[in-house]
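Enquirer: For reference, the chains in residue letters:
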Amino acid sequence: MPGHHIIIGGGLAGLTTAMKLAEEGEHVDLFSIVPVKRSHSVCAQGGINGAVNTKGEGDSPMIHFDDSIYGGDFLAHQPPVLGMCEAAPSIIYLFDRMGVMFNRTPEGLLDFRRFGGTKHHRTAFAGATTGQQLLYALDEQVRRYEAAGLVRKFEGWEMLGVVPDEAGDCRGVVAIDTRSLELRAFPGDTVMIATGGPGLIFGRSTQSLVNTGSAASACYQQGATYANGEFIQVHPTAVPGEDKNRLISESIRGEGGRVWTYKEGKPWYFLEEMYPAYGNLVPRDIATRAIHKVVFEMKLGVDGQPLVFLDVSHLDPVLLRQRVEGVLEIYEKFVGQDPTKVPMKIFPAMHYSMGGLWVDYSQQTNIPGLFAAGECEFQYHGANRLGANSLLSCVYGGDVGAKAMTAFAKSHKSDGSTRAHDLEVTRHREDFDRIFKMDGKENAFAIWRELGELMTENVTVVRYNDKLKATDAKLLELKDRWGKIGLNDKGKWANQEALFVRHLWNMLELARPITLGALNRNESRGAHYKPEFPERDDENFMKTTLATWSSDGPRFGWEPVDVSLIKPRARRYDVDKSATAAKPAEKAA
Amino acid sequence: MAERTTVLRIKRQENPRSATYWEEFEIPYKANHNIISMLMEIRRNPVTREGKRTTAVVFDANCLEEVCGSCTMVINGRVRQACSQLAEGLNGTVTVEPMSKFPVVRDLWVDRSKMFDYLKKAHSWIPIDGTYDLGPGPRVNPQEQQFAYLFSRCMTCGCCLEACPQVNDHSKFMGPAIIGQVYLMGQHPTGAMHQDERLQALMGEGGIADCGNAQNCVEVCPKSIPLTTAIGDVGGQVSRKWLRDLFAK
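Chains as they are written, first to last, in my numbering: chain A, 1 to 589; chain B, 590 to 838.
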């Protein structure tokens with residue numbers, strides 16, 4: 001008997017899981033708020049990393065591994081990251097076989113470009129819409145299995161929560177049809193959460209509108225551990241907007257783009273000056289802090305605004321069009337200027353969460369039968385993710401998860417009881433009944449905006465303990481005001497407002513482990529920077545933050561980091577890695 | 590001087606069976622506003638221009654970077670993604686309507702699932718042997734890759750169906766997007782081995798013969814995909830297959 005599996009989310013991680021399970025003959029129910037082809041993975045621009053080593057640079061999965069661990073400031077458990085880097089070349093080949101139109105060398109081989117935090121050409125790319133292309137390839141393969149009857153898609157459905165049985169094992173989910181508002185339980189032998197990041201907690205980020213973190217938050221509120229929530233990546237180069245901040249991919253710098261501002265009337269290429277070894281291709285946390293310093297401490301923003309230049313106007317426009325057209329087009333369409341002629345004006349924006357649901361090396365959360373892959377879990381990027389490693393971690397995590405889900409389903413067959421499912425349906429129905437009766441003065445979307453401004457100001461680039469404490473107090477106040485929301489729309493068909501009220505609650509719940517995780521961590525590591533504690537403190541903080549939900553707020557525990565493969569050393573980008581304490585890829589004794 | 594504003598005149602509909610109605614909203618002008626950010630303003634304060642309290646306008650949107658295809662709407666009579674329609678450049682009252690060639694779910698949200706069904710019908714995928722490691726894929730000429738890439742950017746947004754006179758209540762024409770995808774699959778070395786299966790799907794009812802050569806598709810495509818080139822070339826592939834089939838009998 002094949003197992004029956006539930007996947008929540010149809011981006012790269014969810015679709016990979018679906019494809020791998022279906023290939024084994026397993027049955028899949030795939031849920032996605034948007035048609036899977038419109039998932040946030042489409043926004044990934046630059047590429048996917050894999051040490052294929054076709055440029056005569058002597059690249060290898062071990063060097064990719066070392067770059068990733070070093071870039072993540074030694075906070076990631078090392079064995080799964082090694083597994084990911086070893087699998088990377090075959091993952092790129094698989095996408096090539098599935099029809100992704102990767103850019104080519106004159107010989108017809110896959111081309112690779114440079115990305116941040118490495119000295120090697122390791123990033124395969126399809127123009128500057130790589131995420132879109134990879135997603136479409138997976139969408140096509142999953143559609144093939146859908147046509148074969150192994151995958152059922154529930155597009156326009158949203159997960160409300162998981163269904164634990166008496167023993168605490170996950171036995172399915174409760175989901176709602178966002179059109180009819182029909183609420184139903186779906187039993188399954190396993191559940192995979194692949195719902196992406198929590199960008200909307202920060203209001204305007206580079207993420208898509210579905211990225212509320214709501215599904216991960218629902219799991220957290222049902223007992224799943226949330227790990228390293230405080231590690232939030234702020235991408236150095238985005239175009240600030242009214243509705244979102246639009247990413248300008250790191251590939252722009254990979255292709256030779258330079259960051260600068262005016263100093264004493266002359267262009268100042270500050271990244272190149274501060275970090276001569278890596279220049280404009282320092283990792284994102286480093287570039288973001290440099291821009292913050294230049295704008296806020298040195299007051300050198302362009303025209304006195306919080307903006308600096310990202311410049312490709314010195315590069316060959318024809319080559320640029322071939323390699324980064326998608327990015328140039330975004331700037332042209334949303335700003336109205338041609339970046340091949342005029343330097344782009346950019347500023348850092350919340351981009352990615354390194355933290356997420358805690359999983360073991362098989363992608364299983366602490367709730368048996370509940371798995372997670374992609375940005376919604378914490379496992380692969382430590383304290384800072386390197387560019388073009390996210391697509392890779394989605395696919396690798398989905399693959400590892402699918403194997404473990406198949407094995408779990410074989411050994412944990414459900415007894416067919418639906419008692420737990422009925423209880424959960426009733427609980428969620430009562431929650432919605434309460435939402436439909438809300439008649440206060442507050443507007444859910446207005447509270448969301450306040451949440452975003454609060455989190456962006458206090459829990460992103462620079463963090464101070466007094467402000468983090470005040471932020472948490474304010475979060476409690478917003479939760480209180482949530483109870484005073486008045487629902488404008490009482491309709492029982494496609495009511496986006498009622499669904500959003502629930503998302504907002506889940507965002508407020510998840511904002512707390514992010515904020516308090518940052519408060520607890522009195523050091524600076526990767527994307528987490530506290531001026532009061534400017535150094536990395538391995539003695540006290542080389543450990544994973546583990547947050548568990550309780551009705552009195554998150555409870556915190558810690559887990560040591562597995563550093564068995566590469567000995568931690570100081571992380572510097574002003575000099576080559578060879579100049580730091582240990583040699584690249586040197587293994588600990 | 591009166592504060593500059595943008596007026597959105599929005600076509601609304603409670604559910605697929607109810608009547609449509611219009612509501613107007615006045616939003617303070619900001620240069621970097623777009624249609625979606627203005628719809629978000631309305632959500633925060635759902636009050637019409639006349640001061641009547643109403644419900645937030647329901648709309649479909651996700652990436653807001655014009656790569657997911659979600660927020661396709663008809664703005665001032667022209668189909669496009671709402672996120673990339675900036676307030677700058679819009680004058681007077683701006684009409685915003687849902688696409689007319691797809692069933693309305695509510696307000697500006699339409700159901701485009703038929704486009705995904707067409708992809709299924711036309712076997713729009715590369716039939717690989719398996720996802721296990723079989724080494725590198727086939728080599729591809731870089732010029733051919735650059736050309737194929739143009740078609741790989743199709744977001745299934747539906748602009749080309751909305752603009753096509755042949756897509757209507759009386760016809761089963763599947764529209765230009767699917768022809769573009771069949772063309773793309775046929776350009777991949779492995780995909781080309783199975784192109785006949787896909788062409789078969791375009792030979793029946795609603796297939797390529799229903800194209801009336803109006804060429805509106807290529808005009809409205811937000812990604813400038815050369816759809817008419819695809820229709821021309823796939824038309825040739827279909828004719829050749831038809832002849833082959835004829836002589837094979």
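Watch out, some of these pointers could steer you wrong.
SDA-like mimics (lysine to any residue), calculated; alpha carbons at most 20 Å apart, straight line [claimed, not checked]:
hint: 1; chain 1: A; residue 1: 333; chain 2: B; residue 2: 635
hint: 2; chain 1: A; residue 1: 543; chain 2: A; residue 2: 569
hint: 3; chain 1: A; residue 1: 333; chain 2: B; residue 2: 739
hint: 4; chain 1: A; residue 1: 490; chain 2: B; residue 2: 608
hint: 5; chain 1: A; residue 1: 333; chain 2: B; residue 2: 619
hint: 6; chain 1: A; residue 1: 492; chain 2: B; residue 2: 604
hint: 7; chain 1: A; residue 1: 441; chain 2: B; residue 2: 710
hint: 8; chain 1: A; residue 1: 263; chain 2: A; residue 2: 243
hint: 9; chain 1: A; residue 1: 333; chain 2: B; residue 2: 605
hint: 10; chain 1: B; residue 1: 641; chain 2: A; residue 2: 491
hint: 11; chain 1: A; residue 1: 55; chain 2: A; residue 2: 93
hint: 12; chain 1: A; residue 1: 467; chain 2: A; residue 2: 519
hint: 13; chain 1: A; residue 1: 403; chain 2: B; residue 2: 718
hint: 14; chain 1: B; residue 1: 812; chain 2: A; residue 2: 569
hint: 15; chain 1: A; residue 1: 333; chain 2: B; residue 2: 665
hint: 16; chain 1: B; residue 1: 709; chain 2: A; residue 2: 144
hint: 17; chain 1: B; residue 1: 619; chain 2: A; residue 2: 334
hint: 18; chain 1: B; residue 1: 641; chain 2: A; residue 2: 403
hint: 19; chain 1: B; residue 1: 710; chain 2: A; residue 2: 145
hint: 20; chain 1: A; residue 1: 441; chain 2: B; residue 2: 812
hint: 21; chain 1: A; residue 1: 333; chain 2: B; residue 2: 604
hint: 22; chain 1: A; residue 1: 490; chain 2: A; residue 2: 563
hint: 23; chain 1: B; residue 1: 710; chain 2: A; residue 2: 178
hint: 24; chain 1: A; residue 1: 543; chain 2: A; residue 2: 563
hint: 25; chain 1: A; residue 1: 490; chain 2: B; residue 2: 602
hint: 26; chain 1: A; residue 1: 492; chain 2: B; residue 2: 605
hint: 27; chain 1: A; residue 1: 490; chain 2: B; residue 2: 641
hint: 28; chain 1: A; residue 1: 441; chain 2: A; residue 2: 403
hint: 29; chain 1: B; residue 1: 703; chain 2: B; residue 2: 619
hint: 30; chain 1: B; residue 1: 703; chain 2: A; residue 2: 178
hint: 31; chain 1: B; residue 1: 703; chain 2: A; residue 2: 55
hint: 32; chain 1: A; residue 1: 490; chain 2: B; residue 2: 633
Covered stretches of chain B, going by a simulated chain A footprint (3 or more residues, C-beta under 8 Å) [as the list claims (entries may be wrong)]:
hint: 33; segment: 783 to 797
hint: 34; segment: 818 to 832
Everything labelled a hint here was simulated from the structure, so no lab data went into it. Small disclaimer: the values here were computed from a predicted structure and weren't measured. Glycine residues also receive a C-beta, built at the ideal position from the N, C-alpha and C atoms.
Enquirer: Would you mind marking each hint as holding or not holding in the structure?
Expert: Hints and how they fare:
| no. | hint | verdict |
| --- | --- | --- |
| 1 | A:333 with B:635 | 28 Å, violated |
| 2 | A:543 with A:569 | 15 Å, holds |
| 3 | A:333 with B:739 | 18 Å, holds |
| 4 | A:490 with B:608 | 18 Å, holds |
| 5 | A:333 with B:619 | 16 Å, holds |
| 6 | A:492 with B:604 | 10 Å, holds |
| 7 | A:441 with B:710 | 50 Å, violated |
| 8 | A:263 with A:243 | 31 Å, violated |
| 9 | A:333 with B:605 | 33 Å, violated |
| 10 | B:641 with A:491 | 17 Å, holds |
| 11 | A:55 with A:93 | 16 Å, holds |
| 12 | A:467 with A:519 | 9 Å, holds |
| 13 | A:403 with B:718 | 19 Å, holds |
| 14 | B:812 with A:569 | 47 Å, violated |
| 15 | A:333 with B:665 | 18 Å, holds |
| 16 | B:709 with A:144 | 7 Å, holds |
| 17 | B:619 with A:334 | 13 Å, holds |
| 18 | B:641 with A:403 | 56 Å, violated |
| 19 | B:710 with A:145 | 13 Å, holds |
| 20 | A:441 with B:812 | 43 Å, violated |
| 21 | A:333 with B:604 | 33 Å, violated |
| 22 | A:490 with A:563 | 53 Å, violated |
| 23 | B:710 with A:178 | 26 Å, violated |
| 24 | A:543 with A:563 | 10 Å, holds |
| 25 | A:490 with B:602 | 15 Å, holds |
| 26 | A:492 with B:605 | 13 Å, holds |
| 27 | A:490 with B:641 | 16 Å, holds |
| 28 | A:441 with A:403 | 49 Å, violated |
| 29 | B:703 with B:619 | 37 Å, violated |
| 30 | B:703 with A:178 | 18 Å, holds |
| 31 | B:703 with A:55 | 44 Å, violated |
| 32 | A:490 with B:633 | 16 Å, holds |
| 33 | 783 to 797 | violated (count 0) |
| 34 | 818 to 832 | violated (count 0) |
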